[in-house]
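Asker: Guided by the hints, dock chains U and R onto chain B, whose structure is given.
The primary structure of each chain is shown beneath.
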Amino acid sequence: MTTRESAPGSTGGADVPGPLHGGPDDDYTPEQLATMPREELDLLGARYDDVQVLHVDPGPEPGSAVERQAVRQVALTFGLAGLAAFAAFVIYAGSGWFLPDWQWTITEGGWSAVFTPMIGALGGLALILVGVGMVLYTKKLLPHETAVQDKHDGSHFDRVTTGATLVGGLHNSGLARRKLITRSLVFMGSGIGLMLLMPLGGLIRNPNTGDPLGTTSWAEGVRLVRDDGSPIRPGDQQPGSLETVFPAVAGGNRESDAATMLIRLRPEQVTVDRPRTGQEDFGYGDYVAYSKICTHAGCPVSLYEQETSRILCPCHQSQFDVTQGAKPVFGPATRPLPQLPITVDDEGYFVARSDYIEAVGPTYWNRERI
Amino acid sequence: MARTATAPGVPTTRLGKAALEVDDRLIVAGPLRRTLNKVFPDHWSFLLGEIALYSFIVLLLSGTYLTFFFDASMREVVYEGTYAPLRGAEMSAAYESTLYISFDVRGGLFMRQLHHWAALLFVASIVIHLLRIFFTGAFRRPRETNWLIGVALLVLSFAMGFTGYSMPDDLLSGTGLRIVSAIILAIPVVGTWVHWAVFNGDYVGEFIVGRMYIVHVLIVPAIILALIALHLLILVKQKHTQFPGPGRTEHNVVGNRLFPAFAGKAGGLFFIVFGVCAALGGLVQINPVWLWGPYNPAQVSAASQPDWYVMFLDGSTRLFPAWDLNLPGNYQIPALFWPTVVLPGILFTLLALYPMIERKLTRDTASHHLLQRPRDVPVRTSLGMMAITFYVVLLISGGNDVIAEKFDISLNAMTWAGRIGLVILPPLAYVFTYRICLGLQKHDREVLEHGLETGVIRRLPHGEFIEVHQPLGPVDEHGHGQLAYGGAPVPKRMNQVGGARRAIRGFFKPIEEPAQVELEQRQDEHGLAAAEADRELTTSGRPSDGGRPQEPRD
Amino acid sequence: MSTTNPQSDAPSGEGAPRGPRRWSRRVADGSPAAAARARRRSKQRRRVANVAGLMAALVLTGTLYSALSPAYATDESNTSESSAEAAGRELYERSCITCHGENLEGVPTRGPSLIGVGEAAVYFQVHTGRMPLVRQEAQGPDKPAVFSDEEIDQLMAYVQANGGGPTLPSGDLREGDLTEGGELFRLNCASCHNFVGEGGALSSGKRAPSLEDANDLEIYTAMLTGPENMPVFGDNQLTPEEKRSIVNYVQTVKEQADPGGFGVGRIGPVAEGVVIWVVGVAALLFGIFWMGSKA
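Residue numbers (full-length UniProt numbering), protein chains in the order written: chain B, 1 to 370; chain U, 1 to 554; chain R, 1 to 295.
These are computed hints drawn from the structure, not numbers from a lab. Careful: at least some of the hints might be erroneous.
Stated by the list, open to error - Here are the computed lysine-lysine pairs in the BS3-like style, where the Cα-Cα straight-line distance is at most 27 angstroms:
{"no.": "1", "chain 1": "U", "residue 1": "K237", "chain 2": "U", "residue 2": "K360"}
{"no.": "2", "chain 1": "U", "residue 1": "K239", "chain 2": "R", "residue 2": "K143"}
{"no.": "3", "chain 1": "B", "residue 1": "K151", "chain 2": "U", "residue 2": "K17"}
{"no.": "4", "chain 1": "R", "residue 1": "K254", "chain 2": "R", "residue 2": "K143"}
{"no.": "5", "chain 1": "B", "residue 1": "K151", "chain 2": "U", "residue 2": "K360"}
{"no.": "6", "chain 1": "U", "residue 1": "K360", "chain 2": "U", "residue 2": "K239"}
{"no.": "7", "chain 1": "U", "residue 1": "K442", "chain 2": "U", "residue 2": "K492"}
{"no.": "8", "chain 1": "U", "residue 1": "K492", "chain 2": "B", "residue 2": "K151"}
{"no.": "9", "chain 1": "U", "residue 1": "K406", "chain 2": "R", "residue 2": "K143"}
Unchecked claim - Label pairs and their calculated CB-CB ranges:
{"no.": "10", "chain 1": "B", "residue 1": "T215", "chain 2": "U", "residue 2": "L232", "range": "50 to 58 angstroms"}
{"no.": "11", "chain 1": "U", "residue 1": "V78", "chain 2": "B", "residue 2": "L200", "range": "30 to 38 angstroms"}
{"no.": "12", "chain 1": "U", "residue 1": "L20", "chain 2": "B", "residue 2": "H156", "range": "33 to 41 angstroms"}
{"no.": "13", "chain 1": "R", "residue 1": "G292", "chain 2": "B", "residue 2": "H156", "range": "52 to 60 angstroms"}
{"no.": "14", "chain 1": "B", "residue 1": "T215", "chain 2": "U", "residue 2": "L225", "range": "40 to 48 angstroms"}
To be verified - Listed next, the stretches of chain B that the computed footprint assigns to chain U, with coverage defined by at least 3 CB atoms under 8 angstroms from CB atoms of chain U:
{"no.": "15", "segment": "130 to 136"}
{"no.": "16", "segment": "159 to 173"}
{"no.": "17", "segment": "190 to 197"}
{"no.": "18", "segment": "206 to 219"}
{"no.": "19", "segment": "248 to 260"}
{"no.": "20", "segment": "351 to 365"}
Since we're looking at a predicted model, the values are computed, not measured. Ideal Cβ positions, reconstructed from N, Cα and C, are used throughout, including at glycine.
Extracted from the complex, chain B is given alone in its bound form:
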């Protein structure tokens, strides 16, 4: 009987195994297997999986003192695990019910401060004990067998026959001969591939439109304001002080590149102050303003040491000297912090004279060009 005879409507093939059926079921009849004890069946199956059990060190003698002790130990471990788990649950569910509230309150360090630690301690303990119990069980109560399993290299037969099937299929398709189809496939493949990747184009945006990296909200006449929006007069700061200021535009104090340090130098610093060439008039009196965004990796620098005139960046420890035009004197930064030209407006408040004359923040490929 062949499959060809299983036409629709027919009863199909008879319920007998085909000629290729075989394997262990042919080696052992159900009757033979039924007579074998369980241990033997286990080892028999293992043998079919290339596993041989070399040596079995049986677990402790049933009823022996060693067994009783191990059983007690394992049971105690599981018992404690259960206890810890229930305790964790009671604390979790009972807090705010019959136990104090779990919700964090700042004024007291009581229950709310130990709620999470207790959950963790008890929950962790429970889980660890479950694991310990399982390992103890395995180590102390199970037989220890040493098994060996064979490894096989690839089969030559499999390689040759699989190769024949693959090459046969390819040959039958005739693709090697039918060049027109191959070419159209290549063409189609590249087209479809491109089309499927096409939507990713939505991610691409032009970083050079309007030079967003090179410009900030600072502009001529924009006031320097504090985080809360209040403007600053020259008399507001003491010598040796630093204030973080923002442009007086909407959302100025949240902009990622606008934050500026307004520094009032001490008289000793003024005498040694050497601004960068062409930027001698960027300060105002003993005030200078530098970008707060590090020229290395963009962190806000502001660890200002007023005695040594250094500004340190906390991320990679670049150090800038405010009396030398914020030139980097240590660490990985290469460029000075850009200086904001400042003056005072009619009402006596600090304003910017223009935007930064260079791009603030980290260096990038075409920074010098736009």
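Answerer: Positioned in the frame of chain B, the structure of chains U and R alone reads:
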């Protein structure tokens, strides 16, 4: 095959009948038996990878829980929650929901901390697992594919860690994100374009947290899951490696079958890993974002660091000198590019290609299933130690400001120490490791040739004192051992060859009576000590003893 | 919790946890040095009510003592040098004159002039033990104060009388908005002192100290006078109210318990990395050694 109720082998119990029903439909008995019979080598170092696997499961469970509450949005909100010192502050919805998980979800803080600790453990265990594979040569043919998958998993775990660290939008993670933005900008030619694609514009924008979220909870975990599945599939297909030893060959695996012995231990390890993460998650505070505060580009804290696994890149960035590259046409390659893009690129490429490189250099293209002891491959071991030293110098430099502060060392001195150490220490590590490996090798051979030192000092008739050596096997006429080194540990103490009584059992305290053990040992005479109890301890084993007259028996 | 700021809105007065507040009111009486000490370690005191009660009693005794003590007089008599100033001059000439010179004029290369630094600077430098210096180094370390509170008051009176300068604040130094204090702290202070005042390294061996042991007045006067490398935060830059907010934030967060367990220094990833390797990985390695050992 039609069966009748009377046919032999038909199950009679209810469980057996149910199993039959299942197998009639799914035909799983064969594959299941093969799985249960799979033999696993019994050595602790084979469990390192499992720690990684289990911490990943913990990550999946706890992470899924966190998604119920986390709001990956940069929308500005005003905090009105439980934590008083931030009430009324402006922050992003992402940060607010993180605070909500921490303070307003029962057990939420525990889950957050559990997740974070499991993440740190995940990467740490991958690293130790990788080191085990490296130093024992388990990556050699035919396992290069699994090595590559492993390296890919390591890189992906970095991606997971970084996105997870950055999503809460707190002041610490925001600072890290700012640095990543600068790193992307530093890529030559396409940097700004890539930045605009990733952030959908200038830093920081509204999009990045949402994008990191989907990368963190869907894209990367899916890839990691698929790669782990592949990793394990190949492992099962190729079977385990094993250390050389009695009866262990290139063509077998000696150990325990999966069921029940190995399953018991592996299951136990899962719970222990879970439990350690849970205990840490409750007992040790991690990433307290309420203390860090919401992100603001104008704010920063001293000692802002990434999590430990990225810290080596922070260290390399701190140590790298201020070398911008100015190219003709006013183009620039910033100093930041080298330590953050080029260096990890080189490191991970070298790591991934190491099996191929070693194969090229040693011309060893054979398949290997037996592991090597690190001492037997001194060049590889020394290279590995060199790499570890390099990494550790970078890692320490990533926290050099904290070390400077806590131990009152100059920060600038720390930076210079790191720069110099990075150049000097790795070669030193290479030389030292190489020497140590050779020394250990030599000692192994010495023991095989001359026997074990017994600690027994004898005085020869002419007055010379010698230490009696116990040969490990048959000796030639000069008293030299005939055993060849087989790549397996050589016993170094008499106890290890049964020179003393066998150790009393018990890990923490003895669980058996010493007297009882002695009795047992007398009964079943096995092991070297029993068989060779009356073996003559002849010579010191030194070559010069060769021609000496034998001592009289006592 | 119904109020935004339990520290400042709650009525002061009865109850053990209010002990420190009573102190800060007494600052108005002109005994800041003694008051400051009481704040120290108040975290632990708050937890244990009877200890706090005891401290309150001690505090009361201390104040009575200083009020009745003959050397203690801060009445603003401009006629001549008061007795406190005279005592301060004596102390100055004994302990400070070597570096700071005669009549506070300073000695080049040794110590700056103290004319115009004000009592606030004296309080900070002497009360934190930074002055007198033991030796010249990158930065004067804080150590146990050499002078008693009373002597510090005398020194303060002397320096204030000769050149003026920033004076000590009065009133409750924690009378400020907690959230605003946090914002200002992160904007102005965290860059050096870390997220919650754990301290941080500066260039070449200098450092921003931890605020762990600092009392309200020390924090306040540090902002006001900008000791050593710390920038000055004058009253027009950070108003007294804003300074009080910052003090309130620092001290509140410092005293608040860590809800997530052991705080490991509250410094973030470095400590966490150490914990995962030294505790987590080590515990698991121990576990698998044990699993691999023979039963």
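Asker: Would you mind marking each hint as holding or not holding in the structure?
Answerer: Structure-based check of each hint:
no.: 1; hint: U:K237 to U:K360; result: holds, 25 angstroms
no.: 2; hint: U:K239 to R:K143; result: violated, 64 angstroms
no.: 3; hint: B:K151 to U:K17; result: violated, 34 angstroms
no.: 4; hint: R:K254 to R:K143; result: holds, 20 angstroms
no.: 5; hint: B:K151 to U:K360; result: holds, 26 angstroms
no.: 6; hint: U:K360 to U:K239; result: holds, 25 angstroms
no.: 7; hint: U:K442 to U:K492; result: holds, 12 angstroms
no.: 8; hint: U:K492 to B:K151; result: violated, 32 angstroms
no.: 9; hint: U:K406 to R:K143; result: holds, 16 angstroms
no.: 10; hint: B:T215 to U:L232: 50 to 58 angstroms; result: holds, 53 angstroms
no.: 11; hint: U:V78 to B:L200: 30 to 38 angstroms; result: holds, 37 angstroms
no.: 12; hint: U:L20 to B:H156: 33 to 41 angstroms; result: holds, 38 angstroms
no.: 13; hint: R:G292 to B:H156: 52 to 60 angstroms; result: violated, 38 angstroms
no.: 14; hint: B:T215 to U:L225: 40 to 48 angstroms; result: holds, 45 angstroms
no.: 15; hint: 130 to 136; result: holds (count 6)
no.: 16; hint: 159 to 173; result: violated (count 0)
no.: 17; hint: 190 to 197; result: violated (count 0)
no.: 18; hint: 206 to 219; result: holds (count 5)
no.: 19; hint: 248 to 260; result: holds (count 6)
no.: 20; hint: 351 to 365; result: holds (count 5)
Of the numbered hints stated above, those contradicted by the structure are hints 2, 3, 8, 13, 16 and 17, listed in ascending order.
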